[in-house]
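**Q** Work out the full structure: start from the sequences and follow the hints.
There are 2 protein chains.
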Amino acid sequence: MKIMMIGFGTVGQGFAELLLEKKNELPEKIEIVAVYDKKMGGAVNHNGIDLKSLLEAASSGQVYSLQGGIKEVDVPNFIKEVPSDVMVEVTYTNLETGEPAYTHIIEALKSGKNVVTTNKGPIALFYNELKSLADKYNRILKFEGTVLSGTPAINLAFSSLKGSKINKIRGILNGTTNYILTNMQTGMSYSEALKEAQKLGYAEADPTGDVEGWDAMAKILILTNVLLGGGITKKDVFREGITGITADMVKEAIMEGKKWKLIGEAKVMGNRIEASVKPQKISKEDKLYSVDGVLNSIVFTTDTLGEVQIVGPGAGRRETGYAVLSDILSLS
Amino acid sequence: MKIMMIGFGTVGQGFAELLLEKKNELPEKIEIVAVYDKKMGGAVNHNGIDLKSLLEAASSGQVYSLQGGIKEVDVPNFIKEVPSDVMVEVTYTNLETGEPAYTHIIEALKSGKNVVTTNKGPIALFYNELKSLADKYNRILKFEGTVLSGTPAINLAFSSLKGSKINKIRGILNGTTNYILTNMQTGMSYSEALKEAQKLGYAEADPTGDVEGWDAMAKILILTNVLLGGGITKKDVFREGITGITADMVKEAIMEGKKWKLIGEAKVMGNRIEASVKPQKISKEDKLYSVDGVLNSIVFTTDTLGEVQIVGPGAGRRETGYAVLSDILSLS
Numbered sequence: 001m002k003i004m005m006i007g008f009g010t011v012g013q014g015f016a017e018l019l020l021e022k023k024n025e026l027p028e029k030i031e032i033v034a035v036y037d038k039k040m041g042g043a044v045n046h047n048g049i050d051l052k053s054l055l056e057a058a059s060s061g062q063v064y065s066l067q068g069g070i071k072e073v074d075v076p077n078f079i080k081e082v083p084s085d086v087m088v089e090v091t092y093t094n095l096e097t098g099e100p101a102y103t104h105i106i107e108a109l110k111s112g113k114n115v116v117t118t119n120k121g122p123i124a125l126f127y128n129e130l131k132s133l134a135d136k137y138n139r140i141l142k143f144e145g146t147v148l149s150g151t152p153a154i155n156l157a158f159s160s161l162k163g164s165k166i167n168k169i170r171g172i173l174n175g176t177t178n179y180i181l182t183n184m185q186t187g188m189s190y191s192e193a194l195k196e197a198q199k200l201g202y203a204e205a206d207p208t209g210d211v212e213g214w215d216a217m218a219k220i221l222i223l224t225n226v227l228l229g230g231g232i233t234k235k236d237v238f239r240e241g242i243t244g245i246t247a248d249m250v251k252e253a254i255m256e257g258k259k260w261k262l263i264g265e266a267k268v269m270g271n272r273i274e275a276s277v278k279p280q281k282i283s284k285e286d287k288l289y290s291v292d293g294v295l296n297s298i299v300f301t302t303d304t305l306g307e308v309q310i311v312g313p314g315a316g317r318r319e320t321g322y323a324v325l326s327d328i329l330s331l332s
Numbered sequence: 001m002k003i004m005m006i007g008f009g010t011v012g013q014g015f016a017e018l019l020l021e022k023k024n025e026l027p028e029k030i031e032i033v034a035v036y037d038k039k040m041g042g043a044v045n046h047n048g049i050d051l052k053s054l055l056e057a058a059s060s061g062q063v064y065s066l067q068g069g070i071k072e073v074d075v076p077n078f079i080k081e082v083p084s085d086v087m088v089e090v091t092y093t094n095l096e097t098g099e100p101a102y103t104h105i106i107e108a109l110k111s112g113k114n115v116v117t118t119n120k121g122p123i124a125l126f127y128n129e130l131k132s133l134a135d136k137y138n139r140i141l142k143f144e145g146t147v148l149s150g151t152p153a154i155n156l157a158f159s160s161l162k163g164s165k166i167n168k169i170r171g172i173l174n175g176t177t178n179y180i181l182t183n184m185q186t187g188m189s190y191s192e193a194l195k196e197a198q199k200l201g202y203a204e205a206d207p208t209g210d211v212e213g214w215d216a217m218a219k220i221l222i223l224t225n226v227l228l229g230g231g232i233t234k235k236d237v238f239r240e241g242i243t244g245i246t247a248d249m250v251k252e253a254i255m256e257g258k259k260w261k262l263i264g265e266a267k268v269m270g271n272r273i274e275a276s277v278k279p280q281k282i283s284k285e286d287k288l289y290s291v292d293g294v295l296n297s298i299v300f301t302t303d304t305l306g307e308v309q310i311v312g313p314g315a316g317r318r319e320t321g322y323a324v325l326s327d328i329l330s331l332s
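So the protein lines, in turn, are chains A and B.
With our numbering, letter number 101 in the first sequence gets 101, and the count goes up by one each step, no holes.
With our numbering, letter number 327 in the second sequence gets 327, and the count goes up by one each step, no holes.
Quick caveat, the hints were computed from the structure, so don't treat them as lab data.
Fair warning: this is a prediction, and the values are worked out from it, not measured in the lab.
Treat the hints with care, since some could be wrong.
Pairs involving identical chains hold if they fit within one copy or between any two copies, as the list cannot separate such chains.
[What the hints assert, rightly or not] In the DMTMM-like style, the derived pairs of lysine to aspartate or glutamate whose C-alpha atoms are separated by at most 20 Å in a straight line are:
1) Lys22 x Asp303
2) Lys235 x Glu96
3) Lys284 x Glu256
4) Lys235 x Glu28
**A** If you want it as structure tokens, here you go:
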């Protein structure tokens, strides 16, 4: 299988590292034949780019220095012209426009490529449209890494729960906020816990996307539109972040035997879907109570099994790289 | 897809009920063309047996009274002679010999039928042999319902974690014992909690298979041989049940912030596999701590994602019936 990578940051490199590590164990030969990253340039080699050289070039920010290297391209045209079986879209996330990933995915599908992405933007904003396009061109669109990184939440619901109706999805979908809230359990203030998360690289310098619930909201949009069949958009999701949670509120919760968690939730109510992201004070009986730190979890309520829960990492270079690998393997 | 059912007790009826309920939502037409149960007789109808009539006949124990009914057959011959795409094996479990399911599965594979079973006996005792036979005849052997009923633990590990190496499996694999231990948390003695479980139908009149850990051991054999690639047998699994757990031990554990759980565990140690089923006193930090009542759970330790946990029902008519449906859907 021949892969084209668009974007080669943390996730792209995490995927290439796994591919290198597992080369001899994979059921099929998987080769990266083209890479392009806006900051590092790209390279094309129809016989497969040497992964070790690629990772070295990326670590010095100079992918263009490889054999077959290129400094700058028109990306949509690059996607269209370079032959490959799968385009892996791992550029940066934009929750306003979904760009540039949205355009990349459209170009890939139209030129006959399957698509694997971990990019929340296009899937949260345009899933129905992109799915229709994939169907029209008889291609497959995979996006396990958009939710819970490589923890196979989407595949669980899609393939393992096939034949079940999912009526409700409820989860801890953002590791950064869960890490902050877990640390606040020990008495830290919100700003201390945030600083700690930033120090460890769990939170960005501008933490807005995580702490105001935007990231969790994107994931709820994806889960809702993909699994509950709802065509909802950002304005349909009530969203509240964790910046209003004080040390006192956490202390009070502890005294009641409870914890504050940022919960994303979507449920089918007749032919409407109710969706929200907000802090909830939950008790020990709640299946999400013991999901702490950077762990994420989703509880699916089904008509056949009642509640089925999956718990696993929600982020990480290797973990999200694995999401790409697992999607690619499912294509073969 | 044409199905033959061998055995038509709780699980078989649970499956037929789901099939009737979901008839119009399934991606493919699935028909039961043959049924045989030792106690109720059988029926054959190449155009599909009417499910409502079948379930009514079963509730009065007289499947043979249906059109195309038969009182007694030689089962292996019946499996061989009656055409169908899939044989569903849901007779009773025998952990000593795997029979009669073992013979049924062999006959089905040899006569070109795919096999779906929830029967732990043949998979726990003869997985490697049956898998080779399935491969030889180019048929598929599915058994999601042997572990955690319909909760898709096997499929999660097999398909969603494809590309990962699983190094360790650890879980609460038996609902009866977990229910008893959970009730003992409230101060009940072992025998009171057992009686309560029997009253609710969670434990059988002779509870040995559950409380002595045989059922959990069968599941550990299945998980080990299927997912860790180990060819281990009963004698390789250390097994201890919960009958030695006293109210005092439970009280002591509570005072330490801990709980007793019956844990099945298998880990790869170099080229050996260490497997056991035994009561363990676990602390709050343990991912299995909050899995209470009849719930089951497995934690898979992988080389790509660290720990991934699934939690769901471990038993039930509808839940295990769904395991059969989900396996059948995965064949199509």
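**Q** Against this structure, judge whether each hint is valid.
**A** Hint by hint, here is what the structure shows:
no.	hint	result
1	Lys22 x Asp303	between (38 Å within a copy, 11 Å between copies)
2	Lys235 x Glu96	within (12 Å within a copy, 60 Å between copies)
3	Lys284 x Glu256	both (10 Å within a copy, 17 Å between copies)
4	Lys235 x Glu28	neither (43 Å within a copy, 37 Å between copies)
Hint violations for this structure: number 4 only, all remaining hints satisfied.
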